[in-house]
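With chain A held as given, fit chain B onto it using these hints.
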Amino acid sequence: MAESTVHQSRSRDLDKLLLRPGNLVAPTFEPGAQLRDDLQEYARILVIGAGGLGCELLKDLALSGFKNLEVIDMDRIEVTNLNRQFLFRLEDVGKPKAEVAARRVMERVSGVNIVPHFCRIEDKDIDFYRDFIIIVLGLDSVEARSYINAVACGFLEYDSDDKPIEETVKPMVDGGTEGFKGHARVIIPGSTPCFECTIWLFPPQVKFPLCTLAETPRTAAHCIEYAHLIKWDEVHSGKTFDPDDPEHMKWVYTEAVKRAELFGIQGVTYSLTQGVVKNIIPAIASTNAIVSAACTLETLKLVSGCSKTLSNYLTYNGVEGLHIKVTEFVKDKDCLVCGPGVLLELDTSVTLQKFIDMLEEHPKLLLSKASVRHQATNLYMQAPQVLEEMTRSNLNLPLFELMGKVPRDIIHVTGTTSRDGKKASCLRKLCLVFKGADAVTDQDMAVGA
Amino acid sequence: MIRLFKVKEKQRELAENANGGVPIKKQSAGELRLHKDISELNLPKSCTMTFPNGKDDLMSFEVSIRPDEGYYLGGTFLFSFQVSPIYPHEAPKVKCKTKVYHPNIDLEGNVCLNILREDWKPVLNINTIIYGLYHLFTEPNYEDPLNHDAAAVLRDNPKMFESNVRRAMTGGYVGQSFFPRCI
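Chains as they are written, first to last, in the UniProt record's numbering: chain A, 1 to 449; chain B, 1 to 183.
Be careful, since some hints might not be right.
[To be verified] DEER-style ranges, computed between Cβ atoms:
| hint | chain 1 | residue 1 | chain 2 | residue 2 | range |
| --- | --- | --- | --- | --- | --- |
| 1 | B | Gly74 | A | Leu262 | 34 to 44 Å |
| 2 | A | Glu122 | B | Lys95 | 19 to 29 Å |
| 3 | B | Gly54 | A | Glu41 | 40 to 50 Å |
| 4 | B | Pro122 | A | Glu91 | 37 to 47 Å |
| 5 | B | Pro122 | A | Phe128 | 30 to 40 Å |
| 6 | B | Arg155 | A | Ala293 | 52 to 62 Å |
Simulated from the structure, these hints should not be mistaken for lab results. Just so you know, even glycine gets a beta-carbon here, dropped at the ideal spot from N, CA and C.
Isolated chain A, as found in the complex (with noise of 0.2 Å):
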């Protein structure tokens, strides 16, 4: 008895915001008992990362009334973990994050289903992301991040007026954290800038110049870095330094103290080592709860249209004070990775060399010397000499059979533009259309049949 009360009241909060209209809902939204339902049965949702962050998102997702949640991470727990990821305990330490995270909320929260993957992102098959409606990140690494987007963005798909199709978009809402830092941010991708339009956000990391930790080291971090980028490698020929190995830190971390000692420096600890080496910022318990809050509540509107959403970017920094700012960035048109990428009709029969000539002709792109990408394939390079020698023999075959035959794929150039007079470099995306393309590979099965 007591469970199904707790249950209800868990349900009767969300009902406020699901079962009647408001002012303020998204121009979708369709209150009533289907959609808290359909909500719960349908709505599968990914995290990404289990650690601080993680652990919040997912226990603020399960309470949030969400039933198929799944979480991916690659981690091991480990003791320093303890003070912030508060779903694991001592006798956890060495287990996978992912599993004992899930674990321990669907112990916690009756009727969640947790599926856990001890794995790195790159593992999955793009096919296994498809399957969600909503991807949360709560990631670590902009690496990460980029390889997440550029796979969600993979799915987009764009109609001949450029317009999003709504049926491929898939959403992610990321949050982020650095001390007292930290971001939440929703990612409609076609709609909102994606990942990749606004990472010159992120700012570059901080990289002592070699010859002042070879010479002139002032501070215990360039003790550190001198043992862990140039003794390393003088001592351990060939042997490659990995982080997560417990003898190596302590082997920088001693050769760093007898290098703070050489030059008077003091503060080299073993923990400001692994801080340094690992580039590990300080994390902060309460940082990880307001932006998972904030990533939660995107989530939960993005998903049922019960409120607008963030648009589309929100800081908050409690260095002094309390400051929240949302900022609305703004779509790189010529996105890479989430722009729809110039239209071009063809015909199956169109040489990769006829195809570059066309690109210098094309109104809309005026591209000379073009070089071709599809895929993780080169068609063809201009330079250099070397490249250049070992894909000129693609330039007479058609580009339709160079492209394996699929009726309709993105490939990128890079080449001259001119414009008003001036020459400049650019790399683009185009959308290539086979015209009959699909009958053509019709006929062949049904001959290969």
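Quick look at chain B alone, frame taken from chain A:
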């Protein structure tokens, strides 16, 4: 705003159609930008490039530099480039594969070139780096030393530096270190 539930059926349909497809390796934005950099390279005549993993993998490659003036005239120096998927947000990792007696390159092949580390900016490109490396051979400088001894000799005794460089390039010892021939 998107009608997520209106389209759930359609999404399922798309997913089913896609299942038969060939799994595609995801292009990183870094690869695309690198493709542009490489296709627009305008190398000095004395520089050549090789792609050990074939024409489709541009993320790791080698550049050989043959300085046509200065102390290192006649030598050939091989550099390896490793480019990250988030290039140009992050600079490529560059190492010198040829053991060289040089004030700004240590015996492990680490290179002290500002644009590879502290001064890297996304507007820079592969061409800039190659010219930067080339410049290190025509204008070695003792103010940013990675090889402390070589820098001191260059500063205090340029004649001796010159003969040390010659000895190293033709294959021989400078101090305790042996340098294989690279001419």
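For each hint, the structure was consulted:
no., hint, result
1, Gly74/B x Leu262/A: 34 to 44 Å, "holds, 38 Å"
2, Glu122/A x Lys95/B: 19 to 29 Å, "holds, 25 Å"
3, Gly54/B x Glu41/A: 40 to 50 Å, "holds, 48 Å"
4, Pro122/B x Glu91/A: 37 to 47 Å, "holds, 45 Å"
5, Pro122/B x Phe128/A: 30 to 40 Å, "holds, 31 Å"
6, Arg155/B x Ala293/A: 52 to 62 Å, "holds, 59 Å"
The earlier numbered hints are all upheld by this structure, with none contradicted.
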